[in-house]
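Student: Below are the chains, spelled out letter by letter.
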Amino acid sequence: MNTRTILTRIGLLFAVAVIAALVAGTTLAADNAAPVQLSIGNAGPREVEETTQKAIARDYGRAWQSMATALANSDPAALGDDWTGIARDKLRAQVESQQRSGVRTRIVDRGHRLQAMFYSAEGSALQLRDTAQIETQILDGDDIVGSDTATVNYVVVMTPSADRWQVRILQAVPSF
Amino acid sequence: MMTNAKHPALVGIICLLFLSTAHAQWNVPERTQAGQDVTIRASLDVYVVGPGFAAKLKPENGSVTIKGDQLRNAGRYLVSNGQNSAVMWVEPSEPAKLNFLAQPSRVPAARPGVISGTAFVFDNNENLVLSSTPVKFDLRVEGAPTISRTVDSRDGVAWIRSDSSRREGNAEFTAAVGGIGVKRIVRQVAAEPCNLSMRARPEKKGILVETAPVRDCSGNAVPDGTIVTFTQLDSKGKTTVDARVKKGVAAALLPPADSATISVASGVVMGNEIRWGGRQ
Amino acid sequence: MNRILPIVFAALTVLLVVVGSAGGGVDASPSTPEGAVHSMFDRVRARDWNGALQHVSKSSNSTAADLSRELGGANASLKTYSSLEKVETSVLHHNDREALVRANFQYSSAVGALADLRDLKVVREGDAWKVEFPVQKPPKVPPQVIPVNYLRWDVITRGADDDWGAQNVDPPKIRITSMNAVERDGGITVLGELVNEDTVPGFVAVGALLIGQNGETLAEETAFDKMNHTVLPKEVTPFRIDFPGLKLAQVKSVRMQPNSMLVPASADPVIGVLHQRLEKDWRGKRVLKGELVNQSGQTVNIPHVIATFYDNTGKIVWVQDGFVSNALLPNTPEPFQVPVRDDLGDNIQYRVIVNHYSLNRAGM
Chain A
1 MNTRTILTRI GLLFAVAVIA ALVAGTTLAA DNAAPVQLSI GNAGPREVEE TTQKAIARDY
61 GRAWQSMATA LANSDPAALG DDWTGIARDK LRAQVESQQR SGVRTRIVDR GHRLQAMFYS
121 AEGSALQLRD TAQIETQILD GDDIVGSDTA TVNYVVVMTP SADRWQVRIL QAVPSF
Chain B
1 MMTNAKHPAL VGIICLLFLS TAHAQWNVPE RTQAGQDVTI RASLDVYVVG PGFAAKLKPE
61 NGSVTIKGDQ LRNAGRYLVS NGQNSAVMWV EPSEPAKLNF LAQPSRVPAA RPGVISGTAF
121 VFDNNENLVL SSTPVKFDLR VEGAPTISRT VDSRDGVAWI RSDSSRREGN AEFTAAVGGI
181 GVKRIVRQVA AEPCNLSMRA RPEKKGILVE TAPVRDCSGN AVPDGTIVTF TQLDSKGKTT
241 VDARVKKGVA AALLPPADSA TISVASGVVM GNEIRWGGRQ
Chain C
1 MNRILPIVFA ALTVLLVVVG SAGGGVDASP STPEGAVHSM FDRVRARDWN GALQHVSKSS
61 NSTAADLSRE LGGANASLKT YSSLEKVETS VLHHNDREAL VRANFQYSSA VGALADLRDL
121 KVVREGDAWK VEFPVQKPPK VPPQVIPVNY LRWDVITRGA DDDWGAQNVD PPKIRITSMN
181 AVERDGGITV LGELVNEDTV PGFVAVGALL IGQNGETLAE ETAFDKMNHT VLPKEVTPFR
241 IDFPGLKLAQ VKSVRMQPNS MLVPASADPV IGVLHQRLEK DWRGKRVLKG ELVNQSGQTV
301 NIPHVIATFY DNTGKIVWVQ DGFVSNALLP NTPEPFQVPV RDDLGDNIQY RVIVNHYSLN
361 RAGM
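Residue numbers (our numbering), protein chains in the order written: chain A, 1 to 176; chain B, 1 to 280; chain C, 1 to 364.
No lab work stands behind these hints, which were simulated from the structure alone. The hints are all genuine.
Label pairs and their in silico Cβ distance ranges:
(1) C:Lys280 x B:Leu208: 33 to 39 Å
(2) B:Lys183 x C:Asn214: 48 to 54 Å
(3) A:Leu12 x C:Gln250: 47 to 53 Å
(4) B:Gly143 x A:Gly123: 31 to 37 Å
(5) B:Glu172 x A:Gly123: 21 to 27 Å
(6) A:Ala150 x C:Glu221: 47 to 53 Å
(7) B:Thr150 x A:Lys54: 32 to 38 Å
(8) B:Glu203 x C:Leu209: 45 to 51 Å
Even for Gly, the Cβ is constructed at its ideal location relative to N, Cα and C.
The shape of chain A in the complex, shown without the other chains (with noise of 0.2 Å):
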């Protein structure tokens, strides 16, 4: 085996190893919170600081991958504490319910355009618009049996708490 042979080798094995870190990475990212833009530009009274946009944005997602594990396994335990209030009951109300019938719900979140519409002068309440691109699939067992794919507008209320920004009103408005 001459030299070149070994040097195309070595070259298409490193190749195939980028090739494969590649596809994890994007599996590994596919795995993470969706995409959420936040935009502040209306939101008043009060102006909406730096830390709490970030904060905003990190734990939102992250209430909406908790809500998609809470409906595709039926566990309300996987709710965790992003989620209070009325928002809360109506979550913990629909796994039940899955409980119940059987069937569950899986969500494929591909992402969130957060518009901050009105932040109160204390800080202890922030109303947002979502405009989400969410797949809601129905499961009976394993299988799917009714899906939908589409851009669902939602009126959103995060109220803080201790350590994060909680969920308390996830509406599904048919428009804005």
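Start from chain A and add chains B and C according to the hints.
Tutor: Just chains B and C, lined up with the frame of chain A:
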């Protein structure tokens, strides 16, 4: 049925007819109101998932009925019969409840824009009423004119900012939609002491200093327990006493001195100065 | 061989115990003035007041109870929770009949080391030297009724299951009125003052976050005991936050983190700080001295003095604290002293506040 090989077009037409018939029987309403029953014509099991609800419904007599109490949460429901999926929107009903955040619980008197009120409008199923709804805010303090303002809600939220009145006391802050109202109390307290002044007189054991009634610039008495600091500079050094306001005045006994400079302060507000043993 | 080794080890143990009990290099026998002082304070360390009294001159008119109160502490003061660790002596002057011995005492306590310095007169009585230790009789606080009508605050908060939006009580509004970051003693110190702008008392804490040149967090600390944590309405407290081992050149910005919460509190006691003045101590070091007077009816068990120092422009240049080892009895002056750094300059101003820890404060 004739074979596909001989009459494919006819078979295709029959399949199309069957499918269209099936579709014609699938009448998922596009919109409904929260709390109302919905009946869907169906020959197959119907799956419904949405906010607070998930079910698999078996048809009876060619239809399934989703009860109103199962559709009490407004939002987007996905309905499927295993072959077709459709979206049904459940909309909120009339305003029936307000969540009213009034902050802070305590404000200094005579300050602009310090009181904030935020009202969230809900129906009787805890759904945000998103249609524009007039919300009336009232701020009442005894002895002062009522501040009233009506604000139209947007996306279920209405808010105002208000000044605190010059007079201390409990301000009643209400938000109301139609006949539904919520009341909060915002305590208006005295602001920074104003025109802080004291006098001094000799006592057996030292120099007794006492302030005039300590008030803010609107005339409200500062509450008892407020710290007032008396400072005396004399030949033996500096003496400080952090006295507390009691029944509107603060007093302290400073050590005896032939000649001293005595001053008074509260927080970051300075009062008058007395030259003891000399001219004031 | 089997019997020899245990015997050897036993003898070695006894020898080591004897050597360990022998004490320091100073002759502890009362045949010398220094020895008399050490003999007396060896008994004090063991809290053997009758034994200590044997080394006290009869002319002192002191009793064992007097020694216990003076040297062991009373009224749940800081000294009652301290123990005498070390006494260092030096003879200032000495003849056949009497001597003057300077004794430097070091106590250990829960709040750190406490120091005390006394110049003790030692006299010869017969063959032995005895320490003259007249104990000041405690001032008699005359029996009286003192009405306690200072304000008290209690707090009732909302319940855990109250609706969102239900009324709650807010913590007091506090504001940092000044802040100064300095580099001293091989580290960074953040100094400042904070005022309670509200009409209710609060428990306050101040932390600081040092941000590096690249936006990274270098360190995070709190003021801990270098501030008064319970702050009444319109009360001002200094604070000092130490960051050892860092340099100002590393720091791009300082983020202050004041926090407050509503707590039950009482407006008393009022403690006057009298005759504050700068002087030099026996070593020639600058100290801030004065007297504390408890103007309320209840004993203040452990007073904590916090002194703020300003330069001639009014900028805070240092915060120093110190504990007073004796309790403050009602209307009874008690001296205090805090050291003053040499590098603060000559034209300094100061302000002293007193924090306190009291037993038997109902609800506090």
